[in-house]
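Q: Each chain is listed here by its residues.
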Amino acid sequence: MTPRQIIGRIGLWFAVFVIVSPAILFFLWMASLSLKFEVDNAAYPPVFIPEHFAWKNYADVLASNRFLTYFINSLIVTGSATALALLVGVPAGYGIARMAAHKSAIVILIARITPGLSYLIPLFLLFQWLGLLGTLVPQIIIHLVVTVPIVIWIMIGYFETTPMELEEAALIDGATRWQVFRHVALPIARPGIAVAFILAVIFSWNNFVFGIVLAGRETRTLPVAVYNMISFDQLSWGPLAAAALIVTFPVLLLTVLAQRQIVAGLTAGAVKGG
Amino acid sequence: MSALTQSSPAAAQSGAAPEKELRPPSYWPFVVPALVVVLAIIIFPWVFTIWMSLNEWKVGSPTTFVGLSNYLRLTGDPRFIEAIGHTLVYTVLSVLLPLVLGTLAAVVFHQKFAGRGFLRGIFIMPMMATPVAIALVWTMMFHPQLGVLNYLLSLVGISPQLWVFHPATVIPSLVLVETWQWTPLVMLIVLGGLAAIPTEPYESAQIDGANFWQVFRFITLPLIMPFLFIAGMIRMIDAVKSFDIIFAITQGGPGSASETINIYLYSVAFTYYDLGYGSAIAVVFFLLIVLLAAVMLYARQRMLWTEIASGA
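Chains as they are written, first to last, in my numbering: chain R, 3 to 276; chain L, 32 to 343.
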């Protein structure tokens, strides 16, 4: 390498370091907060790596039986909303792609633009009339607002790129459209379904606004539960940070593991979403 | 056999227009379940919201039709007017900063280096992480006495700030969080644009001896403009609606210094339970977003025309 190239290399690595460090430092600091006793968290200048790790912060959060309830609530809401969205969204994406009904995407666009609170006002009343408040059903239904458009959007894009020849051959051989979908299109679309699944899970898991309105004491999901901890434990940062990290850990893990799918899904959805 | 039974209802359906091909209608069964869901959770709420906005509708008291008076009330509501101002400032900053930083990051990530995929995964973590969890940690970092941000400032000799605890700095502080969170999305979109650029212009620029800045300004930037526009549009839509971060960190405070339209909407609808008025805010809010999108589209169109006019 010439000196010029070496300088360029060093410059590049410096730029990479500068760009990635806000994310890395933030999450390291989050971990640090969650592993410190109150003495260390209240220290100034701040302590980055404590002498004694406060693993009990995690133990305390996990041991409280409410936390387990909220975790299960989150699993049920995200799981059901994602499963239902895949169930209706994957065939819909297929149908829209094959009919080339691109105008129908306007509805998805409206859904994308609409603030979440606008759905909440009428649906809140509806759930009240139906006597569903106090159960998890309202949250499962309203999370469909998040998951269904994601799944339809990604699946339209995916089915548009899969080749038609195989499907046409199967039709000529006498297969029904349903059989073609089930045995030809669906297996090919598996990577697309994986992308839709991952993004639906993440955005449903992270959702906060629907929960603060619709969740009661027993039906909180994790983001709402963590938010409610703030007001009660204003000064115990350790357990709070530990709870926050536990809530977001599954998502962070998924982000690093399924990085390629997430990038593909977000850029496809994003580029078309505009 | 099964093909026969399947095609007969489709044939019956399209009986009105026999000359049309049988194919299009037969895909409808795939779409119908999703259509029902979309009608129930997206279309119905919208229609109902518009209807509610024409009524005096409070939880616990009888509803009365009041026509447009909820909308008229908006025009004289100082808190709403103020919220529009906060929203616009917050949005403009939360669009521009991620656009600039995200483009720079994309140029860097477009280079080849070891561990690029992994580092890109780290880089996008802020936008995938649970917003409330993020907000919680930022709140601790903003703490005027014990927060790590004031400590970092002190290292470079800047006096401590009040961050989200002072009306003058609360919106910039929240924008800092929003920028940290969403710069990765801009980066990903622009990175997609960079990947689509052909290599020829770069080769001829190299022969002509153009420097890095000239290459970026006159080749890269014009070619990624469509992607920047899309990124800006998405950013605008998300920044206007931003809720989790603001609500979890300041709830619109101190006072009402960071109360955006969305936060005000929440207060009206779910703190005061004034659902009719809240619905009117929701409708106006939606129209405002559409208006902003239209302005951006118009600006882009204007830019294209002037480019063509001056360039040719």
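Source of the hints: derived by calculation from the structure; they are not laboratory data.
Predicted, not measured: the structure shown is a model, and the values here were computed from it.
Among the hints, a few may not be true.
Covered stretches of chain L (chain R as the covering partner; in silico rule of three or more C-beta atoms under 8 angstroms from a C-beta of chain R) [unchecked claim]:
| hint | segment |
| --- | --- |
| 1 | 105-116 |
| 2 | 191-200 |
| 3 | 234-241 |
| 4 | 244-252 |
Cross-link-like lysine to any residue pairs, in silico, SDA-like; alpha carbons within 25 angstroms at most [as the list claims (entries may be wrong)]:
| hint | chain 1 | residue 1 | chain 2 | residue 2 |
| --- | --- | --- | --- | --- |
| 5 | L | K143 | R | L88 |
| 6 | R | K58 | R | L30 |
| 7 | R | K105 | L | F75 |
| 8 | L | K89 | R | T71 |
| 9 | R | K105 | R | K58 |
| 10 | R | K58 | L | M327 |
| 11 | L | K143 | R | T269 |
| 12 | R | K58 | R | T71 |
| 13 | L | K143 | L | I153 |
| 14 | R | K105 | R | L88 |
| 15 | R | K105 | L | M327 |
| 16 | R | K105 | L | H174 |
Glycine residues also receive a C-beta, built at the ideal position from the N, C-alpha and C atoms.
Q: Now tell me if each hint is right for this structure.
A: Evaluation of the provided hints:
Taking a C-beta to C-beta cut-off of 8 angstroms, the segment 105-116 of chain L contributes 0 residues in contact with chain R, too few for the three needed, and the coverage statement is violated. Check result for the segment 191-200 of chain L against chain R: violated, 0 residues qualifying (beta carbon to beta carbon below 8 angstroms, three or more required). With a cut-off of 8 angstroms between beta carbons, the segment 234-241 of chain L has 0 residues touching chain R; three or more are needed, and the interface restraint is violated. With a threshold of 8 angstroms between beta carbons, the proposed coverage of the segment 244-252 of chain L by chain R is violated, since 0 of its residues qualify and at least three are required.
Annotation: proposed proximity of K143(L) to L88(R) is violated, straight-line Cα distance about 36 angstroms (limit 25 angstroms). In summary, the hint linking K58(R) to L30(R) is supported, as the alpha carbons are separated by about 18 angstroms, within the 25 angstroms threshold. About 19 angstroms separates the Cα atoms of K105(R) and F75(L), which keeps this hinted pair within 25 angstroms; it holds. Proximity of K89(L) to T71(R) is assessed by CA-CA distance (about 33 angstroms); at most 25 angstroms being required, the pair is judged violated.
This hinted pair does not check out: K105(R) and K58(R) have alpha carbons roughly 55 angstroms apart, beyond 25 angstroms. Distance check on the hinted pair: K58(R) and M327(L) sit about 52 angstroms apart at the alpha-carbon level, beyond 25 angstroms; violated. For the hint pairing K143(L) with T269(R), the CA-to-CA distance comes to about 20 angstroms; that is within 25 angstroms, so the pair holds. Taking the CA atoms of K58(R) and T71(R), the gap is about 20 angstroms. The hint holds against a cut of 25 angstroms.
Distance check on the hinted pair: K143(L) and I153(L) sit about 17 angstroms apart at the alpha-carbon level, within 25 angstroms; holds. Taking the CA atoms of K105(R) and L88(R), the gap is about 21 angstroms. The hint holds against a cut of 25 angstroms. At roughly 22 angstroms between alpha-carbon atoms, K105(R) and M327(L) fall within 25 angstroms of each other, so this suggested pair holds. Taking the CA atoms of K105(R) and H174(L), the gap is about 49 angstroms. The hint is violated against a cut of 25 angstroms.
Consistency with the previously given hints fails for numbers 1, 2, 3, 4, 5, 8, 9, 10 and 16, ordered from lowest to highest.
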